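Here is what each chain is made of, one letter per residue.
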Amino acid sequence: MSESLALAWQLLVQADATVMAVAWRSLQVSAWATLLACVLGVPLGAWLALLRSRAKPVLAALLGTYVAVPAVVVGLVAYVLLSRSGPLGFLGWLYSVKAMVLAQTLLVLPLAAMLAMQIVHQSQQVVGERLLSMGASLPWRVLLLLHHERRAWATVAITCFGRAIAEVGTVMMVGGNIEGFTRVLTTAVALETSQGNLAMAMALGVVLLGLVLALQLVLLALKAWPLGATPSLRGPAA
Amino acid sequence: MSALTLHQVQVAYGKKRVLDVPELQLHAGEPTALVGPNGSGKTTLLRLLHGLIAPTRGQVQRPPVPVAMVFQQPAMLRLRCARLLWLAAWWGSGSVRQAGQQSAHWLQALQLQEVAQQCASQLSLGQQQRLALALALAKQPRVLLLDEPTASMDAPNAALAENTVRQFIQHTRPVWLVMSSHHPQQVATLATRVLHLDRGRVVADERPAPQAEASGLS
Amino acid sequence: MRQRLLCYAALALFWVAPWVHAAPPAALVLASTTSTQNSGLLAHVLPIFTAHTGIQVKVVAVGTGQAMALARRGDADALLVHDPQAEATFVGEGYGERRLPVMHNDFVLVGQRADALAIKGRTLASALAALAQSNAPFVSRGDRSGTHAAELRLWRAAGVEHTGTGYMACGCGMGAALNLASAKAAYTLTDRASWVSFKNKADLEIVVQGEPALFNPYAVIVVSTRRHAHVNQAGAQAFADWITSAPGQAAIANHRVGGMQLFFPSAN
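Protein chains in written order, with this note's numbering: chain A, 1 to 238; chain B, 1 to 218; chain C, 1 to 268.
So here's chain A without its partners, still in its complex pose (with noise of 0.2 Å):
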């Protein structure tokens, strides 16, 4: 272990190329994945917060059982779609930054979705009547409820990008894991334990996690920017 945490640290101190390379492809596929996830999830599970039909519990069933998908299922799924074979083969995105970007968007849509159903269902227990009464429609009222609830989209972000990033199965799937093109933080590891590399897998696991970290305390010092000083642990005022 000790091994593992000397060889992360040296890694990260002489900013090894290869190491660096393959850190900095993870942030982005898992960044690009998480912004559309967002951005196509957040409003859906508005809507669906809001939708007053017979079909509301079932749809959220759905959703429901889309989030506990295995990630590697995801993954099949997206190969099938793109395989050359496949419905989606003509982009030609098998193997590429491209694909493994659409798959983790897969995986983590429904999580951004169910994130936000929540938030916006128990917003709209409390504002909910007024809007209607004002005579929003649903559009309207799909917006203004997410401004209002605007403080947890960067958490419903983090949340993502921590499960898009942290995931193997669907990136070596529609990646190919390949040197130099699609290699990953998480397939790296898998690699380097399947050459029997424990010490090596385990200290990219370690630069992971460091990424991950980094990345939350910079959001956290964003939040408390407007305050002036040093990030307070009792959060924004209401």
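Calculated from the structure, these hints are not laboratory results.
In this text the structure is predicted, and so the values were computed from the model without any measurement.
Cβ atoms here follow ideal geometry from the backbone N, Cα and C, with glycine treated the same way.
Errors might be hidden in some of the hints.
Said to hold, decoys possible - Here are the computed distance ranges between Cβ atoms for each label pair: (1) A/W140 <-> B/Q61: 48 to 54 Å; (2) A/A68 <-> C/G94: 40 to 46 Å; (3) A/A68 <-> C/G54: 44 to 50 Å; (4) A/W140 <-> B/P174: 27 to 33 Å.
We have chain A already, so just place chains B and C on it with the hints.
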């Protein structure tokens, strides 16, 4: 002429019957007050009249006119007051120009100019209730429903709110006003008909003689 | 406020950067086995090929069976695999142009150093029979790879019908299978190249080697455009030509791990 009526209406949540009104007709130009203990069904009746809830049984007939309501809990959005008011006015009138006029008018009438650029959810409770009234009136409603509208207001603000409502119903025809209140004075000044509710039923329906202070109501 | 914007702009680099650098010229997708990747052969040989021809190679390293499935779906342009029977079927069905021998090495049977079952020194057939009879722990690839196909042939050749209760089919790559064998002190069949480059040997060592039946030939196949028109046949053909020619064969021979040559050129 179109009426606001309830016919054989019951509202129940599961086994618990919250409202039971066999027959009720509300008339335009006859401001009506709902009085009764907490839990007697006043809020339910108001929400029913608005159309926010549907009766478990029976029919509610509403005139095809805009309806606005002031809720017991203000529950404001995290949005600037002026913008929120403008939206309410815009949705009520459908015209951008009228929206500007209405929102400016009610901001002034309810003395909200100082807080106009502040976030609505960060106002004091009394200010939020004034804003709630402004939002309702900006919609240019013909049916105005008020649920304890001055509950969190101090005396001067409450008087301002009452005057505003009174002026509104004087200048708007036809208009239905239904309000619930715990203040006998408020009821006496504003209403010409008083419905007493108890445990979901209308137990009394009075038309008290107009008082000397209640000038200006015709 | 300005600093905040600068910060957001910096974060935005995440989203812009991938699309800024130009896409590389049409790369060749080579589906190969875990043994060629894990042993470092491809990392050694392919840069030489790219320098020579300018063609980038994207290697998808999976088992032989999966590699062929990929090629059947049109997701690979060339194959570098080691299962002669499956290769013949592949070409016979029209998915591949033809099969060109490239290199070879051998399989080895690895197992417990302590050798409680007295496997060392036996012939392969005798060793396998003994393992099956004593229900010794044995890890099988179980993934239709070239190694798995060879393993099944060897059991049949040894006359073993039931492989014993210690047989574990992991459905995994060579590295994972070796990890499993290492952890469970089990026996397994592996190609020598993977074995030499495996870094978690624990108490395992080679117990049987050198028999003709353990010969492990690799071949390259260019995927045919008859089934999938979009296949990068020119690139694949260039690769096949190069790897079977003198410079390619020399590159293979020059690859050493720990001073030891792992693959032996065998193109005609």
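Hints, one by one, checked against the model:
| no. | hint | result |
| --- | --- | --- |
| 1 | A/W140 <-> B/Q61: 48 to 54 Å | violated, 28 Å |
| 2 | A/A68 <-> C/G94: 40 to 46 Å | holds, 42 Å |
| 3 | A/A68 <-> C/G54: 44 to 50 Å | holds, 47 Å |
| 4 | A/W140 <-> B/P174: 27 to 33 Å | holds, 29 Å |
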